[in-house]
Amino acid sequence: MTNYLQLSNITKTYGHFTALDDVSLSVDKGEFVTFLGPSGSGKTTTLMIIAGFEKASGGTVEIGGQSISQLAPHERNIGIVFQNYALFPHKTAVENVYFPLQMRGVSRVQGLRQAEDMLSLVGLKGFGHRHPKELSGGQQQRVALARALVFEPSLLLLDEPLGALDKNLREQMQIEIKRIQRSLGVTTIFVTHDQSEAMSMSDRIVVFEKGAIEQAAPPLDIYHRPKTSFVAAFIGESNLIPATITSAAAKTAESPTLGAFDYASTDVLTDGQKVTLLIRPEHIKLSRNPIEDRKNVSMVVETIVNYGDNALVIGRAGDIPMRVRVLGADVVIIREGEECYINWTPDAVFVITR
Amino acid sequence: MNTFMRWAGFVVVLFIAAPLVIVVPMSFSNASSLQFPPPGYWLGYYRAYFTSVDWLIPTWNSILIATATTILTMALVVPATFALVRHKFRGKGFADLMMLMPMAVPHIVMAVGYYSYFGDLGLVHSHLGVILAHTCLSVPIAFLVLSANLKGFDRNLERAAQSLGASPAKTFLHVTLPILRPGLVISSLFAFIQSFDETVVAIFISGRDAETLPRKMFDSIRQEADPVIAVISTLLFFVVLIGIAAPYFASALRSRAPKPSRPAGAH
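Protein chains in written order, with the numbering used here: chain C, 1 to 354; chain F, 1001 to 1267.
Keep in mind that the hints were calculated from the coordinates and are not lab data. Certain hints may be false.
Unchecked claim - Result set (DSS-like, lysine-lysine): computed pairs, CA atoms no more than 25 Å apart in a straight line:
| # | chain 1 | residue 1 | chain 2 | residue 2 |
| --- | --- | --- | --- | --- |
| 1 | C | K55 | F | K1170 |
| 2 | F | K1088 | C | K55 |
| 3 | C | K285 | C | K251 |
| 4 | C | K133 | F | K1151 |
| 5 | F | K1088 | C | K167 |
| 6 | C | K227 | C | K210 |
| 7 | F | K1170 | C | K133 |
Unchecked claim - Here are a few chain F residues that face chain C, going by a calculated C-beta distance under 10 Å:
| # | residue |
| --- | --- |
| 8 | M1098 |
| 9 | L1157 |
| 10 | A1161 |
| 11 | Q1162 |
| 12 | G1165 |
| 13 | V1175 |
| 14 | P1178 |
Everything numeric in this text was worked out from a predicted model, so none of it was measured. Note that beta-carbon positions come from the ideal geometry of N, C-alpha and C, so glycine has one too.
Whole structure, please, built from the sequences with the hints as guidance.
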């Protein structure tokens, strides 16, 4: 079934401030969609409107073809995991998970058994009798997840659930959440401002900025074919070069500083159009001398950041700051303050029109 | 901590505890008036207290008034606190101020006010009058305790409950109320103690009919310095001591109960 969750023209205003401006989105059943954006971009507001804690100023939310805009939060059958987990401190882990079943009139004996089963699924077998404060952050996270899933919600919302965990645990939980989400096939919306989290977990990423959707696409599309300069700059590291299309037929452009460019994009462009050229740092090579059949630009190296297996070389080509990602072994050829060549093929150049 | 600080601390504790050191032995004294150190010891004044209607009626009055005051205070303070902590509305600052006013105004000023105002209404010398006056004095204390609790309350807990299928009423019953219970208990306790302890207003308006224990004690010490006062003070002290110690004992007993062993594995 397609268009399982449908947001249509959602608008939210607070007085004169527009928090959401005409947001529309369809999500397929079983899809894992990430809302990504800086704070204040509208991603959490959208989530709260889906959950029913915020009322949209305009637009509708539908699940499975039924409008839920008029339903109270407790009538929506949506599971939510909050950033701070929001476990009930006066209940044990298993009682927390039993709570949604209790609210649905499931008997205590059967409900607690179901809750125990759900705790096993999230890897917390035998922890049911503990109170939230007796559990680690990662364990609390799992309890919150079990509680949000045990009543078979029509939608699972995750509001920056990994923000409070340390790096190792966060990666572990990313894999864990994906595994559970797949095994249950629950349609999931995940809110984060962490782009690597979005990249590794999502079927589709929705990038928010200033209360509107900038782009909604699978992770690799977002990375390699960003629609706007904002998306290009927000996801991964990027070199953005302002340019003008000189010939759309010959696929050439001209940068005031870096000269003529070839590009490989298939988008329809017109001669004289102002564009931004995107080149990802890992698509650029560093060399002592110009290399044939590639676009060569001279760059002064300012800083080298070593990560061991790779290094980030930051420099300046004319007045344009450039970042080049090189393998750790290759970085020995260059020192800070020296001049070198950076070069790339037309394939590496992606044209952004907005 | 250096030696001087330790001694200074010891002296302060001694100074604070001194009234107890004096009052408790005096309650067992056989002197005919308050006298320290006591010339001899007996339990006669305990018998006097528990058999004398002159003392038991004010005790009963105090318990009755403090209980009613607590109920009325909480009935007013709980909704008021939710409104003032969680909602923004016109005149909120003024309402906040008025809630705390009875604490800022000296009791003697309040007492004079009640004396003349309640006199017109026919509430002087009545239980109801004292209950109303004490409620005014208890409201700010209960409000302060409860609002501090409510401000620290994570509203995501209520949102979580609602997303899990609990209606607003069930959310309040299953989540908000149990989590706020300690705050509710403590603010009720403060409201009760405030009323039980209050003397100035009681002297002005309780009269003969609604005479409270502190008022009776005050009258007694002015007229005859009856050692029964020491008995009451001692009893009150131990009641409070038990009240404070009980939760500790309860939790100590609970933690001694055998716990299931911790399972290994899983994160």
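Quiz item: Given the proposed pairing of F/K1088 with C/K167, does the C-alpha separation stay at or below 25 Å?
Solution: 39 Å, violated
Quiz prompt | F/V1175 as an interface hint toward chain C, with CB separation required under 10 Å | solution = 6 Å, holds
Quiz item: Can F/Q1162 be said to touch chain C, with a Cβ gap under 10 Å?
Solution: 4 Å, holds
Self-check item: Status of the hint placing F/L1157 at chain C (closest C-beta pair under 10 Å)
Solution: At 5 Å from the nearest chain C Cβ, F/L1157 passes the 10 Å test, so the hint holds.
Quiz prompt | Agreement of C/K285 and C/K251 with the hint, judged by alpha carbon distance not exceeding 25 Å | solution = 22 Å, holds
Quiz item: Would the hint on F/A1161 stand, with a C-beta cut-off of 10 Å toward chain C?
Solution: This interface hint holds because 7 Å falls under the 10 Å limit.
Practice problem: Decide if the proposed pair is consistent with the structure: C/K227 and C/K210, CA atoms, cutoff 25 Å inclusive. | Solution: Roughly 16 Å separates the two Cα atoms, so the pair holds.
Quiz item: Is it true that the CA of C/K133 sits at most 25 Å from the CA of F/K1151?
Solution: 20 Å, holds
Quiz item: Given F/P1178 was flagged as interface, is its beta-carbon under 10 Å from a beta-carbon of chain C?
Solution: 5 Å, holds
Practice problem: Grab the minimum C-beta distance from F/G1165 to chain C and call the hint holds if it beats 10 Å, violated otherwise. | Solution: Status holds, d = 4 Å.
Quiz item: Are the Cα positions of F/K1088 and C/K55 separated by 25 Å at most?
Solution: Given that 25 Å is the threshold and the Cα spacing comes to 18 Å, the pair holds.
Self-check item: chain C contact restraint on F/M1098 - CB to CB distance below 10 Å
Solution: 29 Å, violated
Hints 5 and 8 from the earlier list are contradicted by this structure; the remaining hints agree with it.
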